[in-house]
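Number of protein chains: 2
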Amino acid sequence: MSESKGGKAAQFGVTPQSVDFNDWYNEVVVKADLADYSPVKGCMVVKPYGYAIWERINRWMEDKFRETGHEGLLFPTLIPLNFMTKEAEHVEGFAPELFTVTRIGTEVLEEPYVMRPTSETIIGHMWAQWLNSYRDLPFLHYQSGAVFRAELRTKLFLRTAEFYWQEGHTAHETREEAMAETLQQLDMYHAFCRDELALPVIRGVKTASERFAGAVETFSIEGMMRDGKALQSGTSHYLGQNFSRAFEVKFQGRDQQEHYAHTTSWAISSRIIGAIIMTHGDDKGLMLPPRIAPYQVVIVPVARKENAEQMYAEADRLAADLKAAGIRVKVDKREGVSNGFKYNDWELRGVPVRIEIGPRDLEQGVVVVKNRNAEEKETLPRAEAVAGMQQRLDAIQAYLLQRATDFLIENTVTVDTYEEFKAAIEAGKWVRAFHCGDRESEAQIAEETKAKTRNIPLDGELFGEPEEGGVCVHTGRPAAYGKRVLFGRQY
Amino acid sequence: MSESKGGKAAQFGVTPQSVDFNDWYNEVVVKADLADYSPVKGCMVVKPYGYAIWERINRWMEDKFRETGHEGLLFPTLIPLNFMTKEAEHVEGFAPELFTVTRIGTEVLEEPYVMRPTSETIIGHMWAQWLNSYRDLPFLHYQSGAVFRAELRTKLFLRTAEFYWQEGHTAHETREEAMAETLQQLDMYHAFCRDELALPVIRGVKTASERFAGAVETFSIEGMMRDGKALQSGTSHYLGQNFSRAFEVKFQGRDQQEHYAHTTSWAISSRIIGAIIMTHGDDKGLMLPPRIAPYQVVIVPVARKENAEQMYAEADRLAADLKAAGIRVKVDKREGVSNGFKYNDWELRGVPVRIEIGPRDLEQGVVVVKNRNAEEKETLPRAEAVAGMQQRLDAIQAYLLQRATDFLIENTVTVDTYEEFKAAIEAGKWVRAFHCGDRESEAQIAEETKAKTRNIPLDGELFGEPEEGGVCVHTGRPAAYGKRVLFGRQY
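Line order of the protein sequences matches chains A and B.
Reminder that position 186 of the first sequence reads as 186 in the numbering used here, one-by-one numbering, no gaps.
Take any residue in the second sequence, count from 1 to its spot, add 1000: that is its number in the numbering used here.
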C-alpha cells in the first residue's frame, strides 16, 4: 500500500468522536487513505489500503463458500427492466434506486436495462432454464461483484450508490432445507464478524416491516457502533417460493409432480468496513483487528542520514524474521518526514503494532514496541519481540472483541415502559423491549424516537436467555414473538 | 463444481473441429458447462466450471501484481460521459460501444453516465487529485472487475458486451520508466500464458492502425487457435502524456517545473478462456492445462449397487491421498448415469487425468489411469499413481505447450510475394512478411484477404532472429519496422 510520501502535508488531527462522530468518521476514512469521493454521484473510489481489507474479506468468503459446497458464477450486471416487476414487492422496494441504461451506442433501447441492485431476478430467470429435476438441487451459488442503488446522501463505505459484496443465492427442494441454509449462512456471517473482524453482532429475525423486498423472512446481524447506533452488518433471506413462482423456477419432485423451488439469498457488503471503523476506532483514528489488517506490524527505523542505510537494513532483517513467522509487516522508509509524523500516520491508519528500532536499540539488542491500543511503549529483546508477536496480535484481536462486546452490553437497556424506552434511545442506547408486532406501532415509534426494530434475537447470546411473554412497550397489547425485540437508531 | 446430475440427457457429441470450428467452439463452451447465454443482449453467464478457471487466473494476477508493487483499487463502474470526450481518439474508438445510463430512479440525468469500456479517463481524473510531486510517483494501480462494450455478434468469452479483466494503470515520472513498465507487464503476460496456460504467444508491437484508442504504442501477445486464426490475448499500452494532458495529471518535478506524467495501461481479459479452449481443445471437447484446471484428476468409482459404498469410500481415500499431494481432485459419485457417460463427460470437460477404480482393481492394488491427451489407459499400482501424479500433470502441461508451439510454427509461413501471402492466408496460416507501414496498404490487404497485422514481433522467439531490410509484400516499397510483420485472420 502506498502511503503519503510527504508531498502533501498530512494532517493527523481528526475531530474527536465525542465532538462529532460523523465528522470523525468522514475524516478518518479519507485521512487513513481507505477511500475517496468520486466524480460519479454517490460513488466512491476504494483506495489501496481499503481495497486490501476488502480483498481479504472477499477471499475469506470465497474460500468459505467453496469449503461449504457453494459455487461461484458471474451473472450480467444489467437486468432487463421488466424482470424487476415480476415480483411485486421487489420492484416496489427497488424502483426509486435504479440506475437505468436506455442507450447502447446511438441505439435507444425499447426495453431498458437496470444496473443490478441485487440479482434474484436474473438468477431466477437462469435457474428456470437449468432446473429440471429434484436431482439437480440444491443450487448453491454466489457471485462477487458490484451492485447499484441510488443513495440520497453519500457516506463512504456506508451509503454509496455502488457497493461491493458477494451475493449468495440458493435453491432447494424443501422449505426446511432452504431455511437451514438461510440460518447456516447467518451463523457463518456471525462467526466471521466475531472471529475475523472482532465485531460482536446480534443474530436475529427482522420484523415484517424491515424485511427484504420479496422475502418471507429476513435474518440479520446487527452491530453497535461507538456512537450507539446500529449497523445492519449482513442479511440472510428465506425467500420462500416468491421468486421461484415469479420466474418459474420449478422441478419434477420425488413424487413426479411439479414443484417450485424454495430459495434463499444472503450477503455481507463493503459496508462492513464501515462497521470495523466505527466499532474499533478512537480519537487517533482507525484501530484495525490484526486478523484483517493489511499490515499487522509497521517498523519505523529511527535513523539519521549518516546511519540510514544501516538502520534500513536492520529493519528489513527484522521484517524478514516477522514475515517468516507469518506476519504481515511493512517497513516505513519514507524520507523527508519525521518519525513523529510516521508514528501518527500509522496510528491513524490503525496498524495493530508499531516497532521502532534505532542505533542505540541495535547496540543493546532491543526494540521498542507499541501496541495501537496501548498508551505505553515497551522495550523488548529483539528475539522476544519476534517470537511473541503472533501472541501479541492474538491478544489485541481478543481485546478488541472484548471491548466491543462490553460496550454493546453496557449500552443496551432492558425496558418495560415507553418513557424508559424514549429516554434510553435519546441517550444513544439500544433497547430490549416487548412489542405487539403491529406495523403501525413500529412506524409510530420510529417517527417519535428515530429508533427502529433491529431484530428479534435468535438466542440468549450476550443478553442472556429470553424471558417469555410480556406486554408491548408501546401499545400495552400482548407481546408478539415470545421474546424481547431489539430497537435502536441506525445507519 | 456441479455437474449434470443426469436430469438432462447430456449430449457429448460435438461437431468436429474440421467440419465447423465455430460450431465446435460454441457447443463445447455450453456442453462443458463453462458459460451460458443470458437474457441481456451480448452478455453471458459464467458458470461454476468457467468461473473456477477465471478465479484462478484472477488470483494469480492479483498475487503477481502485489508481488511487483502494484496496488488494487476500485473505481466507479460509471464514468461521466463528458470524460470520454476529453481524449479525442479515445472517444472516437469507444463511442459506438457505450452503454449509457440516462436515469436514476425517476430522475432524468442532465449529464449521462457511461458504463466503463475501460477506465483510463476516470482514473486520470482521480490521479490529478492525488498527484503533487515526483515523490508521489510511480502510481502502480490495478482494478479487477467488469467492463462493457457493445458487440454486434455474441460469442461466449470471445465477444461479449460485458467481460472481466484486471486493468492495470500506472503513472511515471519519465517516458523511460513508463515504457519499461509497459514492457515488463507484456513480459509478465507472456510468461503467464506460457507457464500457466500452456499458450505460446508472440510478443510484439502493434502497427499504428491497430493501436488502442489514445495510446502512443500498443504491445500485444498473439496466440494461434486450432483453426489458424489469431487471438489477441493481452495488451500493454504506453499512453505517453495523452491522458495526463487530457486530465491534468501533472506534478512538480525534480527541476521544480510542472510535468505531465507518462502513463501506461494493460490487461488480460476473460477472453483468454476462449484462447485456452481454442488452442488445446479437440473433437472430444476441452483439454485443460493442469495448472489451470479446476480439477486436475477425476476419480470414477466403477461400482454396482451392492458395492457402491465400498467403492465410494475407496475413491475418497484415493482422493484424500492425492489432495495431500497438492492435487485438485474430484470424485464422481453421480448415480443413475453410466460409467461411459462419466468418462465422456469428463473428457468433454477437459480434466487432465481420469482414474477409474473398480472392485477387481482394488483386490489387485491397482488403478486405471487415463490421460486426457492419450488414447490408451494404463494400469498402475495405486501407490505409484499417487506418487507419480504431479509429474504426470507436469508432463501433460509440457505436452500441451509443445503441441501448441509446434502448431504455431508449422502454420506460420514466411513469404515475400503477395501471391504467396494470399495463398497462405487462404490456407488458414499466419504470414511473416515485410510491410511498408502504410495504413492504406494495411487496410487494403485486410479487405482483400481478411488478414490484419497481428504485431511486429519484439524478438526472435519461435521464428528465429529477424532478418533486416526487405521490400513490402504489398506495395514493393521499402519495408518499415526493420523486420517482418506478422499477419493473420483474427477473432
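Keep in mind that a hint or two might mislead.
Claimed, not checked - 25 Å max Cα-Cα, derived SDA-like pairs, lysine to any residue:
(1) Lys-1452/B to Arg-1226/B
(2) Lys-323/A to Arg-1226/B
(3) Lys-333/A to Arg-1226/B
(4) Lys-1250/B to Val-30/A
Rather than coming from a laboratory, the hints here were simulated on the basis of the structure.
Between the alpha carbons of Lys-1452/B and Arg-1226/B, is the straight-line distance 25 Å or under? 18 Å, holds
Is Lys-333/A close enough to Arg-1226/B, meaning Cα to Cα at most 25 Å? Not satisfied, since the Cα-Cα distance of roughly 51 Å exceeds 25 Å.
Between Lys-323/A and Arg-1226/B, does the CA-CA distance stay at or below 25 Å? 45 Å, violated
For the pair supplied as a hint, Lys-1250/B and Val-30/A, confirm whether the alpha-carbon distance does not exceed 25 Å. Cα-Cα ~22 Å, so holds.
Consistency with the previously given hints fails for numbers 2 and 3, ordered from lowest to highest.
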